Every structure is written in C-alpha cells, then in structure tokens.
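Visitor: Now for the letters of each chain:
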Amino acid sequence: DTAVSQTPKYLVTQMGNDKSIKCEQNLGHDTMYWYKQDSKKFLKIMFSYNNKELIINETVPNRFSPKSPDKAHLNLHINSLELGDSAVYFCASSPFSGRGHEQFFGPGTRLTVL
Amino acid sequence: DAKTTQPTSMDCAEGRAANLPCNHSTISGNEYVYWYRQIHSQGPQYIIHGLKNNETNEMASLIITEDRKSSTLILPHATLRDTAVYYCIVRPIQGAQKLVFGQGTRLTINP
Chain A
1 DTAVSQTPKY LVTQMGNDKS IKCEQNLGHD TMYWYKQDSK KFLKIMFSYN NKELIINETV
61 PNRFSPKSPD KAHLNLHINS LELGDSAVYF CASSPFSGRG HEQFFGPGTR LTVL
Chain B
1001 DAKTTQPTSM DCAEGRAANL PCNHSTISGN EYVYWYRQIH SQGPQYIIHG LKNNETNEMA
1061 SLIITEDRKS STLILPHATL RDTAVYYCIV RPIQGAQKLV FGQGTRLTIN P
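Chains A and B supply the protein sequences, listed in that same order. Numbering-wise, the first sequence is residues 1 to 114 according to the numbering used here. Numbering-wise, the second sequence is residues 1001 to 1111 according to the numbering used here.
Quick caveat, the hints were computed from the structure, so don't treat them as lab data. In this text the structure is predicted, and so the values were computed from the model without any measurement. We put the CB at the ideal spot given by N, CA and C, even for glycine. Hints are supplied without guarantee of correctness; some may be wrong.
Stated by the list, open to error - Okay, the calculated bits of chain A under chain B, using three or more residues with CB under 8 Å as the criterion:
id: 1; stretch: 17-31
id: 2; stretch: 44-53
id: 3; stretch: 84-95
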C-alpha cells in the first residue's frame, strides 16, 4: 500500500492556467508538507499543515494556496501558472509536529509550464 | 539556508563501506542531525537521525563527533541501489519541523 500518494504524477499546462495537485497519506499522521524541487535540484519547504491548521508558510507567492480538507489530505492549488513554477512538487507527512519524527515523502508531481 | 556542508560527490565500490561526511559546526544542543537520501526521480527517503550518541539501524550507522560539529553516515556494504544524493540536515527538536535541504552529496556506487 502506498503511504503518501500524489496525483497527478505529471502535469503539463500552459502559462496562465490554474491547476491542482492532490496528496493523500494513509499513515494516520498529523502533519503534512509541500516541498518544491527546482531545476537545480534544490528542495525547499513551501507549506506545512498540522491537523488541518497551517503552521509553516514560507515565502511563497499568493498564487499558491494549500488546502487541507482533513488531516489525511493536503492539496496544492496554483493560480495563474508561470514558467518559473515548473518543478517537481513533493508532498510529505510526519506523525507529530514539534517532535523529531521522520517525514515520509510522496513520489512527486512533475509540473511543466509551457 | 542549510546549516550543513557536504562534499558535492563521492564514489564507492560495490560491497565496500561508504562513509559520507557532514560538517555542522554551528549546531546547537537542541538540534538533531538527520540523514535523508533521494534516489533518482523519487521522493527523499529517511535514513537515520541522532542527537549525541552514535546510532545504527538496518540501513546505516551514524557517527557523531563528541563536539557534535560533524558526523559521518556509514553504509556498511554499499550496493548499486545505494546510488543517490544524500542529504545531511540539522533540525530542531521542537518547533516547526521543516527540513532544510542543502546540496547534498551525490554518491555513486561502482560495480
């Protein structure tokens, strides 16, 4: 069984479009994250939610809006897509915020903006 | 910014021990050392973490110096599937649990 799953795996779209990436974890974890890995392979945190509450919001444009309908899901909606949004987006989850627990990562969603 | 420095790349022969160093000279007493790896096109994978003592699990061993300013990840019998980018990360015990990734070490296991 997949622990952290993301859909879609690949997403190709035009500039200016709005798109969403979905993430689900079946590990019963309280905390979920979105990371972005750019073309230079640097991985950076974007957001984190704990029990549906936003706890980390790095310097990310307002066009990016995370939504957590329940603690097993954290979706990422992106408005007005730009070329620079092309990257691989990873979702992750961990059992408890505030403690030193490992994070489990999903397989990633490769977003290409044309 | 990442609080760790690692060599950009390393090579190791299959079946030998791979020793990956990491410097974290500004680490504080309430920060862990974590290691993750990313195999090509996959999500990062947790390997091991430690605070002060050396740690061992089924994947690797972590050796932390007494002053905690550096550490070494040891893969005892490297296989071709261990080829990956290895990230050493310093992370607070409490507080927001974001992982700050540096450039990592690209480890290549050669047959």
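Visitor: All the hints need checking, so say for each whether the structure fits it.
Guide: Right, here's what the structure says about each hint:
1. Coverage of the stretch 17-31 of chain A by chain B is violated [criterion: at least 3 residues with CB-CB distance below 8 Å; count 1].
2. With a cut-off of 8 Å between beta carbons, the stretch 44-53 of chain A has 3 residues touching chain B; three or more are needed, and the interface restraint holds.
3. With 3 residues bearing a CB less than 8 Å from a CB of chain B, the stretch 84-95 of chain A meets the requirement of three and the coverage assertion stands.
Comparing the model with each numbered hint stated earlier shows that hint 1 is the single one that does not hold.
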